[in-house]
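In order, the protein sequences belong to chains L and C. Counting from 1, one number per residue, gives the positions in the first sequence under our numbering. Counting from 1, one number per residue, gives the positions in the second sequence under our numbering.
These aren't lab readings, by the way, just hints derived from the structure by calculation. A few of these clues could be false.
[Stated by the list, open to error] Distance windows between CB atoms, simulated:
| hint | chain 1 | residue 1 | chain 2 | residue 2 | range |
| --- | --- | --- | --- | --- | --- |
| 1 | C | THR20 | L | ASP67 | 41 to 47 Å |
| 2 | C | PRO8 | L | THR26 | 47 to 53 Å |
| 3 | C | ARG15 | L | SER59 | 40 to 46 Å |
| 4 | L | SER59 | C | ALA80 | 42 to 48 Å |
| 5 | L | GLU17 | C | GLU82 | 41 to 47 Å |
| 6 | L | GLY83 | C | GLY16 | 40 to 46 Å |
[To be verified] With the C-beta cut set under 8 Å, the calculated list includes, among others, these residues of chain C facing chain L:
| hint | residue |
| --- | --- |
| 7 | SER7 |
| 8 | GLY42 |
| 9 | PHE45 |
| 10 | ARG51 |
| 11 | GLU53 |
| 12 | GLY56 |
| 13 | SER86 |
| 14 | ALA87 |
| 15 | LEU90 |
| 16 | GLY106 |
| 17 | PRO107 |
| 18 | GLY108 |
| 19 | THR112 |
[As the list claims (entries may be wrong)] Covered stretches of chain L (in silico footprint by chain C; criterion: 3 or more residues with CB under 8 Å from a CB of chain C, positions within the stretch not fixed):
| hint | stretch |
| --- | --- |
| 20 | 43-51 |
| 21 | 98-111 |
Glycine included, each C-beta is placed from N, C-alpha and C at the ideal position.
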Amino acid sequence: KQEVTQIPAALSVPEGENLVLNCSFTDSAIYNLQWFRQDPGKGLTSLLLIQSSQREQTSGRLNASLDKSSGRSTLYIAASQPGDSATYLCAVVGGAQKLVFGQGTRLTINP
Amino acid sequence: ETGVTQSPTHLIKTRGQQVTLRCSSQSGHNTVSWYQQALGQGPQFIFQYYREEENGRGNFPPRFSGLQFPNYSSELNVNALELDDSALYLCASSSEGNSYNEQFFGPGTRLTVL
């Protein structure tokens with residue numbers, strides 16, 4: 001059974017810092033990994049999708065890496081801004097498009 | 001291009017009642033998945049519909065059921081509501097039942113069971 005863990009559960013940093021969010025998964029047989037952002041009480045916004053054959057993806061200030069063999073992914077956020085405050089979720093797809101999610105990292109950027 | 005939409009936004013029901021939640025998939029997508037997200041938790045997979053057929057189910061009891069229509073919109077029905085069913089219900093759409101494809105989520109329906 002696939003299990004996804006995100007560390008830390010919560011993170012608070014001053015504006016302008018670069019930061020890294022971590023995601024680990026127990027079964028390396030995945031099709032892809034997605035990072036999402038969720039604002040309080042809202043739906044999920046897809047940030048980055050990394051296919052199993054890829055090592056990283058970049059979008060603006062965001063960079064996600066994937067090491068399938070070790071079961072790890074990181075989301076790097078450069079030059080953080082207060083608007084980046086949200087919960088960040090990672091999820092893996094192992095088959096039948098079923099996403100298995102971690103519990104998320106709640107990020108607060110302090111002005 | 002229209003994104004994933006869900007209705008209603010919020011819903012309050014009492015224990016034992018039945019509820020129907022609706023989802024319209026993104027244009028061009030024929031696969032819809034439903035997830036339940038309890039407060040402070042990651043979403044949990046309920047089931048998926050691909051071209052009007054159930055295509056996978058998570059660890060949810062039979063009182064959670066669904067439908068997908070020819071236009072690929074979908075319904076989630078929950079019978080005999082329990083207090084623990086209070087959650088944010090999310091639907092996601094993608095194309096062609098392909099595990100490599102990105103999934104796009106709607107804004108969710110917040111269900112409160114009293």
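request  = Against the earlier hints, flag every one the structure doesn't satisfy and list their numbers going up.
outcome  = Going through the list in order, the structure violates hints 2, 7, 10, 11, 13, 14, 19 and respects the others.
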